[in-house]
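First to last, the sequence lines map onto chains A and B. My numbering puts the first residue of the first sequence at 421, with every later residue one more than the last. My numbering puts the first residue of the second sequence at 78, with every later residue one more than the last.
Misleading hints may appear alongside valid ones.
[Claimed, not checked] Calculated cross-link-like contacts (lysine-lysine; reagent style DSSO-like; alpha-carbon spacing at most 30 Å): (1) A:LYS811 x A:LYS1072; (2) A:LYS1072 x B:LYS219; (3) B:LYS243 x A:LYS684; (4) B:LYS135 x A:LYS436; (5) B:LYS135 x A:LYS1071; (6) A:LYS478 x B:LYS135; (7) B:LYS90 x A:LYS1038; (8) B:LYS271 x A:LYS436; (9) B:LYS90 x A:LYS901; (10) A:LYS750 x B:LYS135; (11) B:LYS271 x A:LYS1038; (12) A:LYS438 x B:LYS271; (13) B:LYS271 x A:LYS478; (14) A:LYS895 x B:LYS90; (15) B:LYS135 x A:LYS895; (16) B:LYS271 x A:LYS507; (17) B:LYS135 x A:LYS910; (18) B:LYS135 x A:LYS901; (19) B:LYS243 x A:LYS478; (20) A:LYS684 x B:LYS219; (21) B:LYS90 x A:LYS1071; (22) A:LYS843 x B:LYS135; (23) A:LYS1072 x B:LYS135; (24) A:LYS1038 x B:LYS218; (25) A:LYS906 x B:LYS85; (26) A:LYS478 x B:LYS256; (27) A:LYS545 x A:LYS750; (28) A:LYS831 x B:LYS271; (29) A:LYS831 x B:LYS135.
Because the hints were derived from the structure by calculation, they are not lab data.
Next come the chains, spelled out residue by residue.
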Amino acid sequence: MNEHTVIFQPSGRRGKIKDGANLLEAARSLGVEIESICGEKKTCGKCKVQVEEGFFEKYGVDSRVGNLSGWTRDEERMLSLAEKENKYRLSCLAHVQGDLLVFVPEESRGGKQVVRKKAGKLKHKPDPALTIHYIEMQSPTLHDPEDDFLRVVAALKAQHGVEADRIDIHCLRAMTGTLRKADWKVTVFLLHGEIVRVAPGKVENYYGIAIDIGTTTVAAYLTDLKTGRAVATESKMNPQVIYGEDVMSRITYAMQNPETGLEKMHKAIIGTLNEMIGALAEEHMITRDDILEMVLVCNTAMHHILLRLDPQYVGVAPFPTAMSKALDVKARDLGIDINICGSIHVLANEAGFVGADNCGVLIAEEPYNSEELMLIIDIGTNGELLLGSKKHGVVSCSVATGPALEGAQIKFGMRAAPGAIEKVEIDQETLEPRFKVIGKELWNIDAAEIEAKGICGSGIIDVVSEMFRTGIIDKSGRFSKYAPSKRITKDPQSGMPEYILAYKEETSIGKDIVVTQGDVRAIQLAVGSIYAGAVIMMREHGVEKVDTVVLAGAFGSHLNQFSCLLMGMFPDAPLDKILSVGNAAGDGARLCLVNKHKRKEADEMARKVRYLELTVYKDFERVFMKSMQFPHMEDKFPTIQHVIDEIPDWKKIAREKEKAEQEGG
Amino acid sequence: MALDSAKKEELLKRLAQGVVEFEDDEVREAAQEWVDTGEDTYDAIFDGLVSGMEEVGKLFSAQEYFVPEMLMAADSLYIGLDILKPQMKPRDSGVKGAVVIGTVQGDVHDIGKNIVKMMFDVAGFNVYDLGRDVPLEDFLKKQLETNSDIVCLSAMMTTTMMGMPKVIEMIRAKNPNCKIMIGGAPITDDIVGKFGADATAKDASNALEEAVKMVVSLREIQKEANAKS
């Protein structure tokens, strides 16, 4: 039977779908949840999806609206004209007749993504770049006919000792009226010597937004600049995922569509930022006008696309950026909808592959002030590593972890959303697992309904680590042929071994959730690349070990330290010296928003960090290869040696048993 | 000391097994024993080391072996090769051909390419390795200079992969008979068709598996050529 490739975004799920199946069936078979309240009775109109047209190099998919069955009367009734023009379809009515890339909009998604980018408490006192000053002035007289601007400047100097020398034209236009209406008692907003807002009366609290644009998720923190506290948080998927899941495929998309590609991705992210700004303002009951400054961190590719800079050169060696220094841009120049005089500060990029997001991590964790040697690992689609201390200085590198740690490229991988298996333990004797699913309180063995859909990043790390601890896979990652468990089976098609983590009855996808040999290999590559990066950096500093390991990134904060160490994601360290710090890049952005000294520090420190290009090291291949084994081919792990010693050797056990039976029989 | 057939079998087995189990010492000793007999080392290389490497390739395809095992096996193989090669008598039979190989401009990832190269090496090809981050026109230059049968292009990133069709076009214009193979993480069968290349491996995410398949397909090409002549 004829089959077509269908890809659902933003989940990234893809697979072959039989010709003639409708999109809702396709989604279900791939584990993508689409809202369908009426149960395909063609009445609710909830299962809206959007077809993205174009040739997508990465998937080799030429997606066309014409690859779906024709527009129906029911759709005419339930979808608006604008939706029709924007290639929306109802997934229960559109049948697959060719390759497709389909975007499932937020409102149609069945299970909402759990975005784990919470705002923690910051270490530094607020001292923001954007300041406010209440001033009172005398109105002009014939004896004192000074212009409005100089009158305000003089009052600022006299009453607060602050210097202002410029004013935004839009602010000036409004100011003359405001001054008079407010009887010359106003609050002046000042940013780098420029007057950007004049508000009537005395303003107490004022706001800025810190934003972390990740390749996959965007997190925004509305921050009270007086207290430095995040008062509202918002996160969304990066809408650019439909153009490519990783930075490289997005850069390629821009290269392949020179007229429109960059523009489309740029508009998409700006649109999302504007939605988020609106939501944050609404939540805290302020207006967009009340927001005067935003600080942004992101990787270099996101940085270029955001600023509509041609990203193609950061996509190929030697990966030069258009600009590495921090940048201040008027929000209006980017179409970002905050106060018209508002400003955007984008943190410095460190190197081609180490962007402003890593600069955020750098100033949040301050390895350059640390007595201990810190290894900081920011895990995302790309891994960025920092190693340093006050004594050693700081080096950085970028490793291609690939999307496996985020659940992609794993047979039953998924992002961290309800239904994802996030924690796993395996019994060393029975080889039976117990696991916990996001959205359920109880572990599977205690819960009546489990409804697992897949495995997310922290779950895959846990399960592979546990498979190693229990001898299901060996040091080289190979499945043991002797481990006695009915859960170890072979894929009927490929003949490759796999481990059944959840039986069909425990899932909501109608089939077993398994961990395949291929999954283990993908994880080996990912953790191996991180370890190898750490080894090269340690060599650069001339050290044998690190004192502290810091796991940053939304995903990093949900990892089990023990599992990570047992797999050899990083060199040995005491478990209590392996810390999770959450979204450090976002913290860095918030720090720069609320503290101008940190902002200065960020620009300075970003330039002091020495970037190591791993691939130029002659023996990188060897280092990487040795790092792929669990936990490592040669290096020792004293912290967990006792656990490694306890790993059952099923081959030996099987032989002994056989021998005993022979003797006994 | 002459090499009787029993001893020969034993040494071949030790060489092959040594490669499969990456026992460097075993390979070294067996190779040295062979060399000490003064016999031609052709069989030792092809029925010993290379046959072991073919087994490694199979294990790799079956995912029993992974990158580290593949590289360790390659190490053992090279140890044996260094000892055996100087004593190999030149001959006409065996796999022959010339290959130009390199990672395209802008890409510095070459682990996969190096292993592909090694497989060509051991299969008896003349390999011209241009290294990594290779300017696109250099592939054509080298192909014309060496009149190679095959050009292999590697890229790990989607961005650099886009240089491949340019190279293919250049080569096709000058030398339509040259076989072009492309490989690397982003390469799929569809891409091969779209770029107008001749082949890649089925599993695009794995450059190593591709190496094994390339050797097989090269042998087929060679067989066809032999059949014709």
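Against the structure, the hints come out as follows:
For the hint linking LYS811 of chain A to LYS1072 of chain A, the alpha-carbon distance of about 49 Å lies beyond 30 Å, and the restraint is violated. Using a Cα cut-off of 30 Å, the hinted pair LYS1072 of chain A and LYS219 of chain B is violated, with the two alpha carbons roughly 54 Å apart. Between the alpha carbons of LYS243 of chain B and LYS684 of chain A the distance comes to roughly 26 Å, so the proposed pair stays at or under 30 Å and holds. Annotation: proposed proximity of LYS135 of chain B to LYS436 of chain A holds, straight-line Cα distance about 27 Å (limit 30 Å).
A threshold of 30 Å between alpha carbons decides the hint, and for LYS135 of chain B with LYS1071 of chain A the separation of about 23 Å falls inside it, so the pair holds. As the CA atoms of LYS478 of chain A and LYS135 of chain B are separated by approximately 28 Å, the hinted pair is consistent with the 30 Å bound. Restraint check for LYS90 of chain B and LYS1038 of chain A: not satisfied, since their Cα atoms lie roughly 33 Å apart, outside the 30 Å limit. Between the alpha carbons of LYS271 of chain B and LYS436 of chain A the distance comes to roughly 20 Å, so the proposed pair stays at or under 30 Å and holds.
Distance restraint check for LYS90 of chain B and LYS901 of chain A: the Cα-Cα separation of roughly 24 Å lies within the 30 Å cut-off, and the hinted pair is therefore satisfied. In summary, the hint linking LYS750 of chain A to LYS135 of chain B is not supported, as the alpha carbons are separated by about 59 Å, beyond the 30 Å threshold. At most 30 Å may separate the alpha-carbon atoms for a hinted pair to count; LYS271 of chain B and LYS1038 of chain A exceed this at roughly 34 Å. Taking the CA atoms of LYS438 of chain A and LYS271 of chain B, the gap is about 24 Å. The hint holds against a cut of 30 Å.
Of the pairs offered as hints, the one joining LYS271 of chain B and LYS478 of chain A holds, with about 12 Å between alpha carbons and a cut-off of 30 Å not exceeded. Distance check on the hinted pair: LYS895 of chain A and LYS90 of chain B sit about 26 Å apart at the alpha-carbon level, within 30 Å; holds. Between the alpha carbons of LYS135 of chain B and LYS895 of chain A the distance comes to roughly 20 Å, so the proposed pair stays at or under 30 Å and holds. Distance check on the hinted pair: LYS271 of chain B and LYS507 of chain A sit about 27 Å apart at the alpha-carbon level, within 30 Å; holds.
Distance hint between LYS135 of chain B and LYS910 of chain A is fulfilled; the C-alpha atoms sit about 18 Å from each other, no more than 30 Å. With a C-alpha separation of about 17 Å, the suggested pair LYS135 of chain B and LYS901 of chain A falls inside the 30 Å cut-off, and the hint holds. Our distance criterion of 30 Å between C-alpha atoms is met by LYS243 of chain B and LYS478 of chain A, whose separation comes to about 18 Å. Of the supplied pair hints, the one linking LYS684 of chain A and LYS219 of chain B is violated, its CA atoms being roughly 40 Å apart against a limit of 30 Å.
In summary, the hint linking LYS90 of chain B to LYS1071 of chain A is supported, as the alpha carbons are separated by about 25 Å, within the 30 Å threshold. Restraint check: the Cα-Cα separation between LYS843 of chain A and LYS135 of chain B comes to about 35 Å, which exceeds 30 Å; the hinted pair is violated. Taking the CA atoms of LYS1072 of chain A and LYS135 of chain B, the gap is near 26 Å; set against the 30 Å cutoff, the hint holds. With a CA separation close to 26 Å, the supplied pair LYS1038 of chain A and LYS218 of chain B stays within the 30 Å bound.
A distance of roughly 44 Å separates the Cα atoms of LYS906 of chain A and LYS85 of chain B; the hinted pair therefore is violated under the 30 Å criterion. Taking the CA atoms of LYS478 of chain A and LYS256 of chain B, the gap is about 24 Å. The hint holds against a cut of 30 Å. Using a Cα cut-off of 30 Å, the hinted pair LYS545 of chain A and LYS750 of chain A holds, with the two alpha carbons roughly 26 Å apart. Between LYS831 of chain A and LYS271 of chain B, the direct Cα distance comes to roughly 27 Å. Compliance with the 30 Å bound is thereby established for this hinted pair.
Pair hint LYS831 of chain A plus LYS135 of chain B holds up; C-alpha atoms about 22 Å apart against a cutoff of 30 Å.
Comparing the model with each earlier hint shows violations of hints 1, 2, 7, 10, 11, 20, 22 and 25; every other hint is respected.
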